[in-house]
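*Asks:* Based on the provided sequences and hints, a complete structural model is requested.
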Amino acid sequence: MKELVIVSGKGGCGKTSITAGLSILSKDHVIVDCDVDAPNLHMILNPSEKEKIEFFSGFCAKINSEKCISCGMCRDVCRFDAVEITDEIYTIDEFACEGCGLCEFICKSDAIEMFEPKRGDWFVSDIKNGKMIHARLGIGAENSGRLVHLIKNRARVIAKNEDKDLVIIDGPPGIGCPVIASISGADLVLIVTEPTVSGISDMKRVYDLIQSFKIPSVVVINKADLNPEMTKRIEEFANEKGIKIFGRISYDESITKAMVSGRSILKASQKTREEVEKIFDNVIESI
Amino acid sequence: MRIAFPTKGKTINDDMEDVFGRAEGFLIFDTETKKVEVIDNSKNIVHEHGVGIKSAELILSYKVDLVVSKNFGPKAKDVFDASSVKTFVTQKKTISEALTEYLNN
Amino acid sequence: MIITIASGKGGTGKTTVASNLFATISDRSMLLDCDVEEPNSKLFLDIPLLNKTVVSTEIPKVDQTKCTLCRKCSDFCRYNAIITLADSVKVYSELCHSCGGWIVCPENAISTTEKKIGEISFFGDEKKRLIQGKIEIGVVLTPALISKVKDYIDDEIINIIDAPPGTSCPVVETVTGSDFVVLVTEPTPFGLHDLKLSIDLLREMEISFAVVINRAGIGNDDVKNHCVGENIPVLAEIPNDLRIAKVYSSGKLILNELPEYKDLFSNLFERIVGLV
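Residue numbers (this note's numbering), protein chains in the order written: chain U, 1 to 287; chain D, 1 to 105; chain C, 1 to 276.
If you are wondering where the hints come from, they were derived from the structure by calculation, not from laboratory data. All figures in this text were calculated on a predicted structure; none of them were measured in a lab. Take the hints with a grain of salt, since some may be wrong.
List of simulated lysine-lysine pairs, DSS-like, C-alpha gap at most 27 Å [said to hold, decoys possible]:
| # | chain 1 | residue 1 | chain 2 | residue 2 |
| --- | --- | --- | --- | --- |
| 1 | C | Lys224 | D | Lys86 |
| 2 | D | Lys77 | C | Lys224 |
| 3 | C | Lys90 | U | Lys257 |
Just so you have them, the derived chain U footprint on chain C, three or more residues with Cβ under 8 Å [claimed, not checked]:
| # | stretch |
| --- | --- |
| 4 | 107-121 |
| 5 | 159-170 |
| 6 | 198-204 |
| 7 | 209-222 |
Don't be surprised by glycine CBs; every beta carbon is placed ideally from N, CA and C.
*Replies:* Next up, the structure:
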């Protein structure tokens with residue numbers, strides 16, 4: 001079983017569109033949408049939900065107002081400014097609370113309790129050519145790194161039990177903890193970038209992160225003909241670091257138009273389709 | 001010698017888990033008394049980060065001399081190295097196979 | 001005044017709006033780049049670097065001679081950043097959230113030391129001021145760095161904040177305290193889906209906001225209809241113009257390269273002020 005992760009550093013590079021294209025081209029596989037903060041993959045792959053699992057994670061403090069003597073000790077020790085006072089009633093701002101538990105420790109009147117809040121739900125679903133695992137977080141919910149780990153683990157179990165050779169992971173943007181959780185244990189990371197100054201800058205940062213985990217990575221240039229000079233800069237960077245370029249996708253408004261009408265990148269134009277197929281062939285060959 | 005293995009099982013004929021840090025439990029085998037002890041790790045694996053460290057800490061508290069696993073995360077390895085607990089990497093499926101492999105080496 | 005430019009989905013034009021809006025009113029404003037994982041505003045603005053400051057956070061340091069291996073610290077730490085070994089206690093700084101929990105030590109064996117989490121860079125000339133946060137690669141304390149960048153907010157002038165994308169903790173940290181949030185989106189199903197997540201977040205946080213539609217014309221009217229239905233003002237529509245994409249790709253401002261869009265950004269500013 002092989003694990004392919006698609007990341008981009010910068011959002012809006014076409015990562016999800018390309019991931020969906022690769023998924024549709026694949027044989028029986030498991031696909032995971034690890035972009036749990038803003039999941040979009042389900043809008044193209046139309047999964048039918050088979051199982052829903054509630055997700056509780058981290059900790060959050062709660063003040064029992066009956067026991068609280070308003071001494072203010074909790075507020076003094078909290079480094080996250082999560083303790084609020086209104087009319088001498090102490091409460092916890094759940095958005096700000098990091099769940100460290102120091103207020104619970106310091107409270108002399110046993111008025112603070114830590115609880116594990118519900119952060120969202122995740123789903124195991126069927127798609128045409130396999131299984132899909134995806135999630136929905138609650139408003140302002142944090143801790144997506146752990147959720148990424150949970151859903152990835154489930155994908156591995158399914159792949160193992162059902163003899164599927166490939167797990168495809170749509171990674172989140174950025175270089176933070178959900179990205180780290182997404183790429184850990186991967187066999188190959190595909191970095192989608194675009195020939196823009198931001199695209200290049202973010203590609204370099206995500207590349208450094210992947211390198212620090214010693215995972216092999218390759219690059220795909222989306223909107224490759226938008227700015228030839230910037231495309232050249234990406235190629236130079238790739239050359240210098242010895243990163244293979246697995247494909248180029250030309251700028252084509254029909255890609256967005258396909259997405260607007262709920263169709264995949266493969267239905268955009270014949271040229272685009274061939275470009276995605278080439279990336280797919282390169283991926284399959286290398287893993 | 002006391003040897004720990006990551007596993008969901010209760011006997012040495014059971015399979016080992018693939019990832020050390022996220023194992024649901026551990027089995028400790030004492031080579032002198034031939035006794036088996038099972039420890040529960042489910043409390044540790046719910047953490048978002050540092051599960052390998054926490055699992056290693058739990059094992060340390062059971063005074064083992066050696067840990068056998070298919071792999072170790074860098075932090076778990078670090079904890080064992082710092083505590084002079086030996087580690088042994090195996091590709092065997094079951095605990096008894098891995099044990100035999102280690103003892104034969 | 002604090003105006004934050006945010007978006008549920010990355011790559012919708014958040015930085016484009018932030019940098020062009022800032023350039024429109026740079027004589028009265030300052031730009032703070034709080035997208036500390038991928039700070040890109042500077043790429044569009046030609047402002048010299050004045051100085052840099054390292055942002056550190058406190059992490060525990062254990063005096064092994066005083067430590068009795070009682071485990072109180074490692075039992076307390078919910079992030080698994082401190083661990084009791086057979087004969088010592090070890091700190092894993094990359095997992096530490098700097099919560100101050102080291103006070104649980106009954107032996108007073110824990111003091112603190114500094115650990116770098118990122119940098120804040122100050123750019124400026126006679127006309128413009130930009131403050132940019134940048135997180136160290138592999139560090140999880142994004143909200144802590146954002147909070148430090150926000151310490152430089154100047155109440156006397158207009159502060160424009162470039163927020164990280166999404167709706168998770170760094171975004172919550174960034175938009176907290178804003179007078180107004182501009183949500184940048186695209187007229188596509190992805191754009192609408194992620195816009196709804198942002199709207200939910202801002203309503204929950206009780207922060208007023210409005211929408212700017214980027215690449216208007218490429219998709220459908222669902223975003224606009226949704227805003228009308230929900231009574232959310234659409235402050236501006238930036239047309240789907242390939243020239244804009246090219247200007248952006250080279251790291252230039254629309255304002256300078258395509259002057260016909262100047263009015264769009266000054267009108268946007270006027271409309272924001274009208275709503276604050």
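*Asks:* All hints are to be evaluated individually against the structure, with a verdict given for each.
*Replies:* Here's how the hints hold up against the structure:
Straight-line distance between C-alpha atoms of C:Lys224 and D:Lys86 comes to about 63 Å, which puts the hinted pair past the 27 Å bound. Between D:Lys77 and C:Lys224 the CA atoms are separated by roughly 55 Å; this puts the pair beyond 27 Å, and the hint is violated. For the proposed pair C:Lys90 and U:Lys257, the alpha carbon gap of about 55 Å is over 27 Å, so the pair is violated. Requiring three or more residues with a Cβ within less than 8 Å of a Cβ of chain U, the coverage given for the stretch 107-121 of chain C is violated, as only 0 such residues are present.
Given as covered by chain U, the stretch 159-170 of chain C passes the check, having 7 residues with a CB less than 8 Å from a CB of that chain where 3 are the minimum. For a cut-off of 8 Å, the count of residues in the stretch 198-204 of chain C with a CB near a CB of chain U stands at 3, and the three-residue condition holds. Closer than 8 Å: that is the beta-carbon criterion, and the stretch 209-222 of chain C has 4 residues meeting it against chain U, so the requirement of 3 holds.
Hint check: violations occur at hints 1, 2, 3, 4; the rest are consistent with the structure.
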